[in-house]
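Numbering (full-length UniProt numbering) for the sequence shown: 1 to 37.
In short, the hints are calculated from the structure, not lab data.
Hints are not guaranteed to be accurate.
Claimed, not checked - Computed list of lysine to aspartate or glutamate pairs in EDC-like fashion (alpha-carbon distance at most 20 Å, straight line): (1) 32 - 22; (2) 32 - 21; (3) 6 - 22; (4) 32 - 10; (5) 6 - 21; (6) 28 - 10.
Please read all numbers here as calculations on a predicted model, not as lab measurements.
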Amino acid sequence: ARQLAKLRVDIMEVGFPVSSEEEFETIKTIAKTVGNE
């Protein structure tokens, strides 16, 4: 995800957060990590 952010990719398809708690937490972590880059 960080590499895609460095390449200035606007949209990342990272999963479907409602499918499971683990998926939700993973997507939340990605968003927090690269959301402000």
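Comparing the hints with the structure gives:
1. For a cut-off of 20 Å, the pair hint linking residue 32 to residue 22 stands: about 15 Å separates their Cα positions.
2. Proximity of residue 32 to residue 21 is assessed by CA-CA distance (about 16 Å); at most 20 Å being required, the pair is judged to hold.
3. Distance check on the hinted pair: residue 6 and residue 22 sit about 26 Å apart at the alpha-carbon level, beyond 20 Å; violated.
4. Restraint check: the Cα-Cα separation between residue 32 and residue 10 comes to about 15 Å, which is no more than 20 Å; the hinted pair holds.
5. Pair hint residue 6 plus residue 21 does not hold up; C-alpha atoms about 28 Å apart against a cutoff of 20 Å.
6. A threshold of 20 Å between alpha carbons decides the hint, and for residue 28 with residue 10 the separation of about 17 Å falls inside it, so the pair holds.
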